[in-house]
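Take these sequences, add in the hints, and give me the full structure.
Residue numbers (the working numbering): 24 to 167.
Just so you know, the hints here were simulated from the structure itself, not pulled from any lab data.
Quick reminder that beta carbons are idealized off the backbone N, C-alpha and C, glycines included.
Now the in silico label distances, taken between C-beta atoms and shown as ranges:
id: 1; residue 1: 93; residue 2: 48; range: 33 to 39 Å
id: 2; residue 1: 51; residue 2: 93; range: 38 to 44 Å
id: 3; residue 1: 128; residue 2: 70; range: 21 to 27 Å
id: 4; residue 1: 145; residue 2: 120; range: 32 to 38 Å
id: 5; residue 1: 37; residue 2: 116; range: 21 to 27 Å
id: 6; residue 1: 148; residue 2: 50; range: 23 to 29 Å
id: 7; residue 1: 116; residue 2: 90; range: 37 to 43 Å
id: 8; residue 1: 37; residue 2: 92; range: 23 to 29 Å
id: 9; residue 1: 126; residue 2: 84; range: 35 to 41 Å
id: 10; residue 1: 120; residue 2: 86; range: 32 to 38 Å
id: 11; residue 1: 107; residue 2: 50; range: 20 to 26 Å
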Amino acid sequence: MRQGGRRVDLVLGLLLISGVLTGIAADTIGVRWPLDLIQLHAAGALAILLLAPWKYVVIRRGLRNPRQRRPTKTLSLALLLFALVTIGSGLLHSTGRAEHVGPLTLMQIHVGAAVGAVLTVVAHFSVTGYAPGAPASTAGHCSA
24 MRQGGRRVDL VLGLLLISGV LTGIAADTIG VRWPLDLIQL HAAGALAILL LAPWKYVVIR
84 RGLRNPRQRR PTKTLSLALL LFALVTIGSG LLHSTGRAEH VGPLTLMQIH VGAAVGAVLT
144 VVAHFSVTGY APGAPASTAG HCSA
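What follows is the structure in structure tokens.
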């Protein structure tokens with residue numbers, strides 16, 4: 024992977040960790056605190072959306088790579104789906120206009136998709152052998 028793609032992945036990884044921590048903290052301690060954790064959570068989602076054009080280039084390159092194995096490509100696409108559902112359900116929930124999608128609440132969908140995204144990232148690292156922070160020459164092939 025090229026160095027720019029590794030930087031985008033690193034920033035996205037940090038934003039994922041930030042999103043998980045601020046989401047858990049906001050749910051655990053509530054929103055009536057001087058530090059508005061929901062705003063920090065939303066800012067992380069906005070940053071992820073702003074990085075999307077750069078990540079799109081990395082994903083496209085990885086999916087076109089004939090050396091990329093099928094499980095890696097499948098995990099990359101699953102992570103994309105989980106990320107879109109997580110951010111989309113969070114945005115829709117924040118409007119307050121919709122509360123349920125069928126029998127599920129938007130928050131259940133949001134949290135479920137976020138858990139799916141985290142598990143997919145872990146599986147992606149284990150399948151590719153990609154170690155965050157490892158030199159590019161020793162890291163496996165990572166597309167998403």
